[in-house]
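Novice: Got chain U; can you put chain X on it based on the hints?
Here's the letter readout for the chains.
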Amino acid sequence: MNNLSLRTKTFVLLLSVVLMATLPLVAYYVTTARGLALLGSDPSIEATLSLAVEQGSTRSEKEEAALALTRYRQIDALKSGIVNQVLLVSIVYSGLVVVVALGIGYVFISRITKPLARLTEATRRIGDDANSPMLAVTTGGEIGQLERAFNAMSQNLARAREEKIQAERKATWQRVARVIAHEIKNPLTPIKLSTERMYEKFLMQSKDFPDVIKSTTSTILTEIANMQKLVEAFHTYAKFPEPSLRPADLNQVVTEACTLFSGESTPVTCTCVEGMPPMSLDAGQMREALTNLIRNGLEAVAESGEPGRVTVTTLADGSQVRVRVEDTGCGISPENMDRLFQPYFTTKAHGNGIGLALTERIVSMHGGTVTCESTVGKGTTFTIGFAAGREKAT
Amino acid sequence: MGIIIGILLAAKSIVIVTGLVAFNKAAISVPPPTLIVTERDVRLSGEVRNAFTRDLRKLAATGAEIPLYLYVEVRQPRVDKPLRTAVAGNSLTYDLIDKKYRVVGSAGSDTLWFGTLDSAVTRACAFGDIEVIPLTEVRADGQYYFSVYGVLGKARVEALQGNTIDLMQYWDYKRPGVRTEAYAGLVLLQAVTPKATP
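Just so you know, the protein sequences line up as chains U and X, in that order. Basically the numbering used here = 1-based index in the first sequence + 97. Basically the numbering used here = 1-based index in the second sequence + 45.
FYI, nobody ran anything at the bench for these hints, they're computed from the structure. Watch out, some of these pointers could steer you wrong.
To be verified - Think about it this way: if two alpha-carbon atoms lie no more than 25 Å apart in a straight line, the pair counts; the simulated DSS-like pairs of lysine-lysine are: (1) 445(U) <-> 475(U); (2) 159(U) <-> 103(X); (3) 126(X) <-> 176(U); (4) 176(U) <-> 199(X).
Said to hold, decoys possible - Residues of chain X clear of chain U, computed beta-carbon distances all greater than 10 Å: (5) 100; (6) 107; (7) 141; (8) 150; (9) 164; (10) 182; (11) 203; (12) 214; (13) 220; (14) 228.
Claimed, not checked - Covered stretches of chain U, as calculated for chain X (at least 3 residues, CB under 8 Å): (15) 160 to 170; (16) 173 to 187.
For each residue, glycine too, the CB sits at the ideal point set by N, CA and C.
Chain U with its partners taken away, still in its complex shape:
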């Protein structure tokens, strides 16, 4: 009963009221019909009248008694039709009353519950949808007030959402600026020092000037290369192409990604499930996504300072295809979990915050999801999930 909609509950209530109002009427008619049924059915009266007909002394007495008997028998003969008509009329009339009352009630109930249903739907959409739904105010009274209040709330929510987006955008730009400034500042210091040293040796006309030129130039070029790499990473994330989907074997992509790390001191093991359904993938992009996760795992193991391993597993589970990348590294602190896939967010000294963001973007463009579970000091598990039988990225 608790799960019934308001419309159903109100309708049941209305039905109960109508039946309670109608059934006594039917009961009254039935009682009346029973009373009618008793008319003309008394055998003693009939016997008396028959006797009167037989024993009448004159013809006129007999005819008078016969007329009375006729009337009495006719009451009996006609009563069944009358009783049936009373019953039929009462039942048909009661049925009509029920149908009409329920019809009118249904219209009124709909007028009440429809706006509430729209309100419920709009409230549900507020949670799901970025757009704040607005309701057309179709009625007055309390429901109209409720609709107007909802619209005002929806407008406020939309404003708050917009403000939040603006604030997040501002914060992202600030973070990007900070990361870029930091990443550019790091190579600038050795470049500056190398240039100053070179200039100083030149002024002093030092004998080891050629050697200094050689070493400082090398330093400057290395730092410039680092800066180029940084710019390249940002560029890659900003201008990442759409995946070119082709039928591919996910197991093979995973194996190829693992093979890239075969020379690492930390072992990378790969376990592929048999019977992997065919999928449409951009093998290159997916390999890059997996490479980022494996590299992340290796760095986490290295950071923990203890020997560990990275395990990559593929799973096909009916409706889901998954790739799991587990490491036994240092883990991720809970406060960083929410920002894990944010671009340019990093906790590493030399990281640029692109790897995981790029991975999430690649998987998302393939219609999949990336989830992360981590325990500090024990390790992290990233899981990439796709719907099985997926032919096209959404």
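Specialist: Just chain X now, kept in the frame of chain U:
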């Protein structure tokens, strides 16, 4: 629970009422009539089967006069209006003093008395020698068929202060009837039956 029982009782009442109505009127019919062509005219004999339903028999037993008619229409194919119409009627009455059933024909035939309702009903439902069309009106190149149907008349009811009721309600206001095949006029003219020798 009371409400449910009430609904079930109401539904049952409808079923009973409609069932009784159906039971009373199920078998009322008019079988194909018999045609007799005499030297002067075409005559027809027919009957209404099961005309006296249970309720009608009950009413007849009260002494009310029950008139029953057999209508015969002579029609021609593709003509809406009947060429001729003939009506024969019998009325059945129970005499409470003499305790006998009386059947009187509308064609001026003798009054017949019966000891039982069944025998009286059998006679009241039978209609013989109805003159439907003179042979002089039958064209040799014409086509004729006969539409026969039964009708109940009105009965005076003493219990209703002498008012009449339409007895067709006992037939649910439906006329039982039958239509013969079409006869060629020439066939009717050639099928004259010689008068029986008395």
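Novice: Compare the structure with each hint and give your call.
Specialist: Here is how each hint holds up against the structure:
Between residue 445(U) and residue 475(U), the direct Cα distance comes to roughly 18 Å. Compliance with the 25 Å bound is thereby established for this hinted pair. Between residue 159(U) and residue 103(X) the CA atoms are separated by roughly 21 Å; this keeps the pair inside 25 Å, and the hint holds. Of the pairs offered as hints, the one joining residue 126(X) and residue 176(U) is violated, with about 41 Å between alpha carbons and a cut-off of 25 Å exceeded. About 18 Å separates the Cα atoms of residue 176(U) and residue 199(X), which keeps this hinted pair within 25 Å; it holds.
With a least CB separation of 7 Å from chain U, residue 100(X) falls inside the 10 Å interface cut-off, contrary to its annotation. Chain U draws residue 107(X) into its interface by the beta-carbon criterion, the shortest separation being 4 Å against a cut-off of 10 Å. The Cβ of residue 141(X) sits about 4 Å from the closest Cβ of chain U, inside the 10 Å cut-off, so the non-interface label is violated. Listed as a non-interface residue, residue 150(X) keeps its Cβ farther than 10 Å from every Cβ of chain U; the least gap is roughly 23 Å.
At the 10 Å boundary, the C-beta of residue 164(X) stays outside the reach of chain U, the nearest C-beta of that chain being 20 Å off. The beta carbon of residue 182(X) sits about 43 Å from the closest Cβ of chain U, which is more than 10 Å, so the claim that it is off the interface holds. Not every CB of chain U is more than 10 Å from the CB of residue 203(X) (nearest about 5 Å), against its label as outside the interface. Look at residue 214(X): its CB is around 7 Å from the nearest CB on chain U, not clear of 10 Å, so calling it non-interface is violated.
Look at residue 220(X): its CB is around 19 Å from the nearest CB on chain U, clear of 10 Å, so calling it non-interface holds up. Once the 10 Å rule is applied to beta carbons, residue 228(X) is consistent with being away from chain U; the minimum gap is 41 Å. Given as covered by chain X, the stretch 160 to 170 of chain U passes the check, having 8 residues with a CB less than 8 Å from a CB of that chain where 3 are the minimum. Under the rule that three or more residues need a Cβ within less than 8 Å of chain X, the assignment of the stretch 173 to 187 of chain U holds, with 8 such residues.
Comparing the model with each earlier hint shows violations of hints 3, 5, 6, 7, 11 and 12; every other hint is respected.
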